[in-house]
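Use these hints to put chain B onto chain A, whose structure you have.
Protein chains: 2
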Amino acid sequence: MTDVNIMTGGPHENLSDDWQQLAGEWIGVDRGTLRLVKAGIKPILAVGDFDSLTASEFQLVREHVQKIEQVPSAKDDTDTELAVKAALTDFSADKVTLVGATGGRLDHFLSNLFLPLQPRFLDDIERIHLLDEQNHVDYYGPGTHEIQPLPGYRYVAVINLTPVTDLAIVGAKYPLKPWSAAYPYAWASNEFIGNEPFTVSWTTGQVAIIYSRDRIGQKVDN
Amino acid sequence: MTDVNIMTGGPHENLSDDWQQLAGEWIGVDRGTLRLVKAGIKPILAVGDFDSLTASEFQLVREHVQKIEQVPSAKDDTDTELAVKAALTDFSADKVTLVGATGGRLDHFLSNLFLPLQPRFLDDIERIHLLDEQNHVDYYGPGTHEIQPLPGYRYVAVINLTPVTDLAIVGAKYPLKPWSAAYPYAWASNEFIGNEPFTVSWTTGQVAIIYSRDRIGQKVDN
Chain A
2 MTDVNIMTGG PHENLSDDWQ QLAGEWIGVD RGTLRLVKAG IKPILAVGDF
52 DSLTASEFQL VREHVQKIEQ VPSAKDDTDT ELAVKAALTD FSADKVTLVG
102 ATGGRLDHFL SNLFLPLQPR FLDDIERIHL LDEQNHVDYY GPGTHEIQPL
152 PGYRYVAVIN LTPVTDLAIV GAKYPLKPWS AAYPYAWASN EFIGNEPFTV
202 SWTTGQVAII YSRDRIGQKV DN
Chain B
2 MTDVNIMTGG PHENLSDDWQ QLAGEWIGVD RGTLRLVKAG IKPILAVGDF
52 DSLTASEFQL VREHVQKIEQ VPSAKDDTDT ELAVKAALTD FSADKVTLVG
102 ATGGRLDHFL SNLFLPLQPR FLDDIERIHL LDEQNHVDYY GPGTHEIQPL
152 PGYRYVAVIN LTPVTDLAIV GAKYPLKPWS AAYPYAWASN EFIGNEPFTV
202 SWTTGQVAII YSRDRIGQKV DN
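Chains as they are written, first to last, in the numbering used here: chain A, 2 to 223; chain B, 2 to 223.
Since the hints were made in silico from the structure, they are not lab data. Heads up, the beta-carbon is just placed ideally off N, CA and C, and yes, glycines get one too. Mixed in with the good hints there might be a few duds.
Stated by the list, open to error - Below, a sample of chain A positions facing chain B; criterion: calculated Cβ distance under 7 angstroms:
{"id": "1", "residue": "D108"}
{"id": "2", "residue": "Q135"}
{"id": "3", "residue": "Y141"}
{"id": "4", "residue": "G144"}
{"id": "5", "residue": "T163"}
{"id": "6", "residue": "P185"}
{"id": "7", "residue": "I210"}
{"id": "8", "residue": "I211"}
{"id": "9", "residue": "S213"}
Next comes chain A alone, as it looks inside the complex (with noise of 0.2 angstroms):
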């Protein structure tokens, strides 16, 4: 049992400061995985069709990664599908960190965001995170949840990504009466009370908690 974080392809500047700092092992998904090896990391594995490297950088991830799944491009699974199967499967991962899956494309982002909510990853959805420079994401399926500060960020928001049912939160600066929806909807800019933890709680339907801060460094422009 060990932590697995996966980097995709997004942007660099999308990438949280401390990225190489984190805790596991790590896959790489195609592109991303040249990522990995120039920073020094050796990747268990790295999913991909590998196309967009030029023969020394696919020589490069070669010598580094111990076990390359070069897929077809056209397939049923995106490769970040089969690297959290991998994950999940394979690895027996107790937590799974995206990396590296937002900014850039809205397409790529919105197929990580809405990765955990396929039945085949809902029982392991909320082992499923997602780590940017400004954001960090949690993934929950029903019942009733203990939100936990995070430092570093100050903001938290509440987002069904699915209908829900009886969505409730209480314990945080802006509480939420029991409130069902048929679409998406996001609870955002929420903070916590001092340093306490605060409730959610619904029963159908599937959230993602996201904490978020304003940029390091940012003046004043957003």
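Here is chain B on its own, set in the frame of chain A:
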């Protein structure tokens, strides 16, 4: 009847290079208003609490904006929701384009992305669009829609943002047989065949069509 563009407060880097050339009037959302005024644009309306503006910045806004709707920061509607309501109702906009709505905090972005799905906006969903440097988002309700190529955008994605019934794609590079799901999913990285439109249809739910492109000047690493 006119086009109305709404400038929200997302990071500069995510703005499309030619945003200042968009046809139509402008509404500024909170600090986004300052960006408009500094670009020499005179917004027809500005909405926000303007707490983050200095006295001289707010003075500049007051000098260049026809109407300012100053609202408290904690309220039922977000500033962007108020701006979209005004665009559709007060200004009878045919087309409302959200600009500055991506990048940075994911709770802000998802609040913008999901806005057109709210029951009060559903009748006007096809009038609302979202534009950034790499993406152009259109929204559609149930029915059969002919999707036209958009010059400069290589990729097109079909993304059900709500549960969907019998979603089918005919005439694109990757067709889809009628498919239903209780969760959102991104059918990403599709392409037009030559310069031909394709057809997409479904019977219940809301779908985003996202045109996207790699970054201008992008070399290889994405």
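We went through each hint and held it up to the structure:
1. D108: Hint holds; A/D108 Cβ to chain B Cβ min 4 angstroms, cut 7 angstroms.
2. Q135: Because about 6 angstroms separates A/Q135 from the closest Cβ in chain B, which is inside the 7 angstroms limit, the hint holds.
3. Y141: violated, 14 angstroms
4. G144: Given a least distance of 18 angstroms, the restraint on A/G144 is violated.
5. T163: holds, 5 angstroms
6. P185: Interface hint status for A/P185: holds (5 angstroms vs cutoff 7 angstroms).
7. I210: violated, 10 angstroms
8. I211: Constraint on A/I211 satisfied, holds at 5 angstroms.
9. S213: holds, 4 angstroms
In summary, the structure is inconsistent with hints 3, 4 and 7 from the numbered list given earlier, while agreeing with the others.
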